[in-house]
Amino acid sequence: MASTPTQTPKDPSVFEPRIVAFLCKWCSSAGSDLAGVSRMQYPSNAVPITVMCSGSVSPVYILSAFNKGADGVLVSGCHPGDCHYLKGNYFARRKIFLVQKLLSFIGIEKDRFRMSWVSAAEGAKFAQVVEEFVRDIRTLGPQRKLKAKR
Amino acid sequence: MSSILKKTDLGAWAAALEAEVFAPALADGVWAYQPVAPGANDGGVALTHPNTARPPKNFAFPQREVLYTFEQLKGQAPKLTETLPNPAPVVVMGVRPCDGRGAPRNDMVFTGAFDDPYYQSRRAKTAYVGLACNTPPSPNCFCKAVGGSPSSKEGLDVQLTDLGDRYHVVAVTPRGEELIEAGGKLFAEAGAADEKESQRLHSEAAKCEQRTFGDLAAAAPALKKNFDSEMWQSLAKACIGCGICTFLCPTCHCFDISDEVTGQSPMRGERVRTWDNCQFPDFTMHSSGHNPRETLGARLRQRVNHKFLYFVENNGTQQCTGCGRCISFCPVGIDIVAVLDRMIQA
Amino acid sequence: MTENVYLPKLARIASIKDEVVGARAIKTFQVEFPDGDMFEHECGQCAMISVFGKGEMMISIASSPLVKDYKQFSIMRVGKVTTAIHAMKVGDVIGVRGPYGNKFPVNDWKGKNLVFIGGGCGLAPIWPIIQTAVAQRSDFANITVFYGGRSSRDIMYRAELEKLRGVADVHLSVDQAEEGWEGYCGFVPANVMSTGVAPDNAIAITCGPPIMIKYVIQNLKGLGFADEQIYTTIENKMKCGIGKCGRCNVGKDYVCVSGPVYSWAQLKDLPQEY
Amino acid sequence: MVDIVNIRAHAKDLLEKGTVKMVLGYQRGTAGVLAEPAFITDAGQADHLVWDPTCVQNLALYLVNEKKAQSHQRDPDTRPIAIIAKGCDSRAVAVLLQERHFERKDVHVIGVSCGTLGVVDKNKLSKALNGRVATKVEPHGTDSFKVTTAEGFVDVAAADVLADRCLECACAYPAMHDVVFGEKHEDRGYPARFTALGQLEAKSEDERWAYWEGHFNRCLRCYACRSVCPMCYCPECVVDSIELMVDPTTSADEKANRIKWIERSAVASENSMYHLVRAIHLAGRCIDCAECERVCPVDIPIRMLNNKLEKEAKDMFGYEPGLDPELPSLVASFRDDDPNSFIR
Amino acid sequence: MTARRTGVFVCHCGTNIAATVDVKRVAVEMGQEEGVVFSKDYVYMCSDPGQSSVIKAIQDNQLDGVVISCCTPTLHEKTFRDVSTEAGLNPFRCEIANIREQCAWVHSNRDEATEKALKITTSAIRRVQNNEALTPIGVPVTRRAMVIGGGIAGIQASLDLANAGLDVVLVEKQPTLGGHMLQLSETFPTLDCSQCILSPKMVEVSKNKKIKLLTDAEVTEVSGFVGNFKVKVKQKAQYVDPELCKLCDDCTHVCPVVVPNEYDQGLTGRRAIFIPYAQAIPASFNLDEKSCLGLNPVVCGKCADVCEAQAINYDVKPKTYEEDVGAIVVATGFDLYGLENMGEYGMGKYEDVLDGLAFERLCSASGATGGHVLRPSDHKEPKEVVFIQCAGSRDPENHCAYCSKICCMYTAKHAMLYKHHVPDGQAYIFYIDIRSGGKGYEEFVQRGMEKDGTVYLRGRVSKVFEKDGKIKVMGVDTLAGRTIEIDADMVVLALAMQPSKGTADVAKTLKIGRDKDGFLAEAHPKLRPVESVTAGIFLAGAAQGPKDIPETVCQASAAAAKVIQLLSKEQLEHSPAVANVRLSHCTGCEMCVDACPYEAISLTGGGKAYVNEVLCEGCGTCQATCLRAAIDVKNITQLQIFDMINASIGG
Ligand SMILES: Cc1cc2nc3c(=O)[nH]c(=O)nc-3n(C[C@H](O)[C@H](O)[C@H](O)COP(=O)(O)OP(=O)(O)OC[C@H]3O[C@@H](n4cnc5c(N)ncnc54)[C@H](O)[C@@H]3O)c2cc1C
Ligand SMILES: Cc1cc2nc3c(=O)[nH]c(=O)nc-3n(C[C@H](O)[C@H](O)[C@H](O)COP(=O)(O)OP(=O)(O)OC[C@H]3O[C@@H](n4cnc5c(N)ncnc54)[C@H](O)[C@@H]3O)c2cc1C
Ligand code: SF4
Ligand code: SF4
Ligand code: SF4
Ligand code: SF4
Ligand code: SF4
Ligand code: SF4
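Chains as they are written, first to last, in our numbering: chain A, 207 to 356; chain B, 444 to 789; chain C, 115 to 388; chain D, 0 to 343; chain E, 343 to 993.
What the hints contain is simulated information worked out from the structure, not anything from laboratory work. Small disclaimer: the values here were computed from a predicted structure and weren't measured. For glycine and all other residues, C-beta sits at the position ideal for the given N, C-alpha and C. Keep in mind that a hint or two might mislead.
[As the list claims (entries may be wrong)] Sample of chain C residues at the chain D side, in silico, Cβ under 10 Å:
| # | residue |
| --- | --- |
| 1 | Asn118 |
| 2 | Val135 |
| 3 | Ala137 |
| 4 | Arg138 |
| 5 | Ala139 |
| 6 | Lys141 |
| 7 | Gln144 |
| 8 | Lys168 |
| 9 | Met190 |
| 10 | Val192 |
| 11 | Gly193 |
| 12 | His200 |
| 13 | Lys203 |
| 14 | Ala379 |
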């Protein structure tokens, strides 16, 4: 059950990463809804953007999110074979693999960019993915490499 | 009066200057003006460079200049904050004569009916210590053809001439004198022999073989005459419209002004001025899609005419100093000397 | 240090009027300068208008220099900044710097017949002269205005033009025949031709789409106008407005400084880069 | 050995018969030792053509430009264009065919084999000559060049002055051609493909960032790397989103709604964005002609970015660009067994 | 022009949202956003007064876009889009910001949750401000249906459809209708004879004028879209003309070829010319071209010689039919998990280790042994038979992870049937659990234990091997905690059910999805269990997952009802949120064409991409593939995503 909301002000010394999470509508967004219905608790750092399919996530979105100051970017879609659109996630997998390799090649920490498969049934997995991602990024600290310096 | 500076004392001089000092250094395979670390000793600065890839124009005219910032809360008037630069003094060492001549030409652009406060506040703090060319640093040098010379002092504050183990140093401007003064004992008075040697090198260099396109005075009329010539299209046929030629030119000054939004709530951002380029297709394109300089030929013509016709008409001198960068770096070998040659002959 | 030429003054939009609606919408904005620190301008001059966060654009000042409490701009929605300003409301604040460019030598035209020939958005740059001439009606001889739009819905300053009929000879036209339209049907240059204007003691001022200007000039020449009697304005893309950014030049001339006003005598010798 | 005389004769023949409207090739230039592009439309000019190790450019770019120009012409000459293509260049033509930029019949590929050599790197050459200026470079045997300078002839080992890409080239013999000059050499005896890349990959994350940050910082955003690339033919590049509009019919809304993925300021963040987007957009399309790297006035090792993705595509997806114009593109295809383990 | 008058409505959802998110602050701060002219919070936005207040606000403020910040769009997107329509606002100008499931319910720190709610809502505002007003695309309908698979599922669906007055094309791969049900002897839980209840239905199909039956046929190509499919069906050469065949059986007597009879699970042989079952529909002999010697070059020709009806013609060619249909029911059924996979139980190695279907054939009166249960190896009556349940099921490590659902029941049935055939025999059943949910099912199992003395042993079989003419079964009884050894005469494996062979191809041809086990995937496991992910294609029977006959029939009728519902409309509505090409940017590279999962894109003569809006499902794969930003899905364009990214990062 939902725990009673806390009012504790944020501890400014704790680094709160800013994460953009692209969730496909049919699996991962539905999975996150399930996490909600099950009142699973996870950190609030990842702001979801629901897209139709993980296959619609253009590499440019990911790069742009980093450019605009995201500390981490998550792309989550249906498991292979489960794509609502049959194979959108296979295209996504290929593209995202390349983006990940590229980012890591220029020296962006690998853990800042993650892809996961979360089905509509995997509320707990969604919560866990976010939890772990936020934890990993907390240890990495703010992303300054690609962020526009202003 | 002139003086002598031992080459090994160059670093010490740099350190003695109350300014940020830059000198050409090879970094990642590219000759570029790099900050001279404070306290750099003899090894730190050595003026052994060919001409740098980028000219020193950015010291007064950086590629990006924030003109002001703005911020606007919803329902309120925007607030503007002027961001005039107030830089520390800068001394740029090792400026080649052609690049030296770039400075006064840029001054002409950024002063006049409308003074440009950004340029001027940087320019006022920038001093150029030039290095005369004993031999042409590039096979595409043509300073002589455009009224310069390997030992031109135009635009410089101090001129150095390489005498082997030492430099012959001449103050060109009062600021130059100050700089030499700041070096104090590092400078010795030049003897007659040194002065003579320096002169000999200058006149030797003046005889060097360089590229040329014939009579400079013929260029402007030829360009005027050939404005509608078919030749422009064929000369520009290989051009890829990249703009290297103008970005690297010491005198090209075209820029763009645009807004870069840095935050949404409240809306805030910067109005920035950035280098722009007459070779880019969007440079002159109107909103309607109409483009007065639509073709590569028209854009090549603009570049050449700007330097050898319009600038002459407006300012009485060419806007090219013969550094040869646009030739050496053009990916496809478009060659302003050859272009002028063709135009003059046509 | 002199005043920073890049820094605009802030101005408040005092009124907005829809001139033309649809795909090529035109709106007229009257703007006030809060601390009364408005600049003076001359007929034909322009100003750089900023919508912060979007950018700057050069716009003709469409009010007469005699008007001292606001400046007027008529702006067609064509791109980024124009779209942004079209979305603004009365009370919103924009930036204005200027005035830029040369001017129509209106003082030299005292006592002459003035023929204005405009099309589309091209009424804006010549409107200040019309307003000035009307305000100082006795200084000028006949005033004739030709103006046309694609259709009657594209005619800007409609009400003002109607009002003008008392003091000037107004010939409105639409490109294509249209129900209820009593004026001329056809293009502006043809209207000029069919109505006919005498070149004697006259100055013709034309502004509009490039193609219209071309034919108007051709026709005016046909009617016997000398090159010196024909004036127009040219518009090239501009970023600085002060002759530095390097893109608006036509030959050696930076239009933002030496233009936008040209007599045909001057213009015909310049390269065709506009 | 490729004898230019044969190429000239072939070009002349094509032009005389009118089977092609133009021969894209190389000619001597005035700007330096590198050959410059030649656009030969007249059989009489075929003798201007040269072929030597200074013919560095990938002329496929001009096929693209010609096609673009044609689309604006009312009554275009639709005869094919002949192009002199090295191995790498011919792969560029193949990618352009794959992307339906033009059809096979629109181009007549005059393949030239680089044999055991390749083209020179201008910077390496000037280094090897120690300040002397080359005026001519000719092949000399199978592993060196004869370089002419004002001071006389110098023999330079090919390995010292060949362009990086040539040192690792796996396609020195043009796979796709209508005619081909020169022979095929299986073993060229240079380092394996991606050797240089491997050295960079071996560095630590922080070292790699330091490396790239330094390079990206320096970028002028002149876009020469893009302008020279035959694959960068998009009507509007992400970096143009600042202002360029592509078409007089573009509506006000479209212009007003242009996405500013990248700001105009040439600062590290925006420059990185530019280079990363470009690299991703060239994944599976870049054929490693290395033109982008060659033209960069500030020597940014752009090729490495493309190389990285090329290698990943090859290793992980078995994909090599420019070999089969009929295959769907790298990112427009997938295999069920593409790597999955990187996903959580 | 972009939307400029946006309204924001923040829901408390009682305390569901309000307890964690400061909804008042969200409403106030959103009121400050660019373009937002109205913003309020309310305790239950979806309640009647809540909805009315949205309508009123839209009308009073001439809102041209609204964002409802509430629960997941799955719940109330439709509600609020209807509300918008009612208020005169295009429904596509309404977006939901999910601040309940994705925010309030999963966070507990009020400040953090509020911050996130602000970002989620801003993101939705930015999106809605660039949403186009769209109208659904109307598509005309072909009032005809196709059913693929002629098992009981396909038969039932076809009959339901035909009886509703629709024309039906029924495509069956085998020479006869009936599917696996025709192989069964008696069926649980009533033990009525399978063929007796199936045959009348098969006959009904053959008699129904509305049904066009194509046996020996397979679907090779499907194009088009819901309401308007074009299907190519390829039928094998019909060497025996069913119209002429008199079922005299003269031909089989002269045929020199004998091959195992797959319809008897290989327990018997058949000729190259044969009839699968006596009840086959179409009622005709068949020539199996793989084993016939008479085809090309003619070396045999015996059967044609004896056929008095002259029904046999070796020269006929396969036929291709092109059928226009508005909807498709896929009922391609199941196959048993391959014998070859069950080596550990001696399957395929020992003749007397059988699968369930073979056992059905042994029990069936029309089967291999004329209804006597005999060992295949020596035709002796087996006295001790071991049945092993979950053979291949529920074993994620080695075999199938899922439960095949019906094996508990049919094994109980088998034990029972066995006892009826061999009253002095003993049946043992190894099981993990007994799953007997269903009307009368548990009673059925109990009856087997009590009346027929079936011995249930809970545990896994560890080893099966032949020794001295017996099959030794070693196992553990986990309840008693002892090892068990049985010298059996016969072992019957309740093999897992898996999608029939070729399901993958069918799914590919039809562009419908499969689940992780290869069964055809339903659009929603609970709410849309008979729809595939592709509009207009429905699922029935064991092809969608293991099920027994009653369930199969249920689903078949349900699928038929869906089709009837679909085809009862004059026009279909297709979502207008489809891909849209910016012609100025498209270079015709065809990358989107290759990537589109629905083959919705083609290239026009002018070399530009063209989207068939009716085929496009709006997935956006093309959008992410096109390098030139030339293709965008409406209302989730790159510009909108860009704005949403910015909003999500904040600042
Ligand atoms: C002297 C002069 C007077 C003008 N007077 C008027 C007027 O009274 N009313 C009116 O509606 N328009 C006028 N224009 C045109 C107006 O400047 C452009 O329509 C406007 O800049 C388009 O801006 P945008 O951001 O909407 O278009 P975009 O296509 O988004 O343009 C981007 C940027 O390009 C520049 N630009 C593009 N086209 C032009 C152009 N033709 N001229 C100058 N800069 C351009 C601007 O800096 C603009 O911000 C005038 C132009 C000039 C040169
Ligand atoms: C041993 C055993 C005993 C059983 N006993 C019982 C019982 O007692 N009671 C009970 O309720 N259930 C029982 N069942 C379950 C029952 O058999 C199924 O529920 C039922 O057969 C499912 O019917 P169906 O039409 O979905 O599939 P199927 O019977 O498999 O029919 C599918 C049909 O589709 C055809 N087909 C396949 N692919 C194609 C294609 N590509 N194109 C055209 N046609 C194609 C096949 O040839 C077949 O005719 C038993 C199952 C087994 C294995
Ligand atoms: S002339 Fe050369 S450097 Fe200049 S734009 Fe053209 S190709 Fe680039
Ligand atoms: S035009 Fe070329 S040669 Fe002249 S100054 Fe500029 S870069 Fe140097
Ligand atoms: S060529 Fe070099 S400097 Fe120019 S944009 Fe490319 S990387 Fe940057
Ligand atoms: S990216 Fe560089 S190497 Fe690759 S094809 Fe383009 S120019 Fe050649
Ligand atoms: S991928 Fe883009 S450019 Fe290529 S055909 Fe499709 S829409 Fe056109
Ligand atoms: S959005 Fe694109 S890829 Fe997806 S179905 Fe539509 S056209 Fe095909």
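Hints, verified against the model:
1. Hint status for Asn118 (chain C) relative to chain D: violated, with the closest Cβ pair at about 20 Å, above 10 Å.
2. With a cut of 10 Å, the hint placing Val135 (chain C) at the interface with chain D is violated, because the nearest CB-to-CB distance is about 13 Å.
3. The criterion of a C-beta within 10 Å of any C-beta in chain D is met by Ala137 (chain C), whose closest approach is roughly 7 Å, and the hint holds.
4. This hint holds: Arg138 (chain C) has a C-beta 8 Å from the nearest C-beta of chain D, less than the 10 Å allowed.
5. Given hint, Ala139 (chain C) at the interface with chain D, holds; its Cβ is 8 Å from that chain's nearest Cβ, closer than 10 Å.
6. Because the beta carbon of Lys141 (chain C) sits about 13 Å from the nearest beta carbon in chain D, more than 10 Å, this interface hint is broken.
7. With its C-beta approaching chain D no nearer than about 22 Å, Gln144 (chain C) sits outside the 10 Å limit, and its interface hint is violated.
8. Restraint check, Lys168 (chain C) versus chain D: the minimum CB separation of about 9 Å is within 10 Å; hint holds.
9. Against a cut-off of 10 Å between C-beta atoms, the interface hint on Met190 (chain C) holds, since the closest Cβ of chain D lies about 9 Å away.
10. Interface restraint check for Val192 (chain C): the shortest CB-CB distance to chain D comes to about 5 Å, inside 10 Å, so the restraint holds.
11. About 4 Å separates the beta-carbon of Gly193 (chain C) from the nearest beta-carbon of chain D, less than 10 Å, and the hint is met.
12. Interface hint at His200 (chain C): satisfied, since its Cβ lies 9 Å from the closest Cβ of chain D, which is below the 10 Å cut-off.
13. The criterion of a C-beta within 10 Å of any C-beta in chain D is not met by Lys203 (chain C), whose closest approach is roughly 17 Å, and the hint is violated.
14. Checking Ala379 (chain C) against chain D by beta carbon gives a least distance of about 31 Å; that is not within 10 Å, so the hint is violated.
Taken one by one, the earlier hints fail for this structure at numbers 1, 2, 6, 7, 13 and 14, listed in ascending order.
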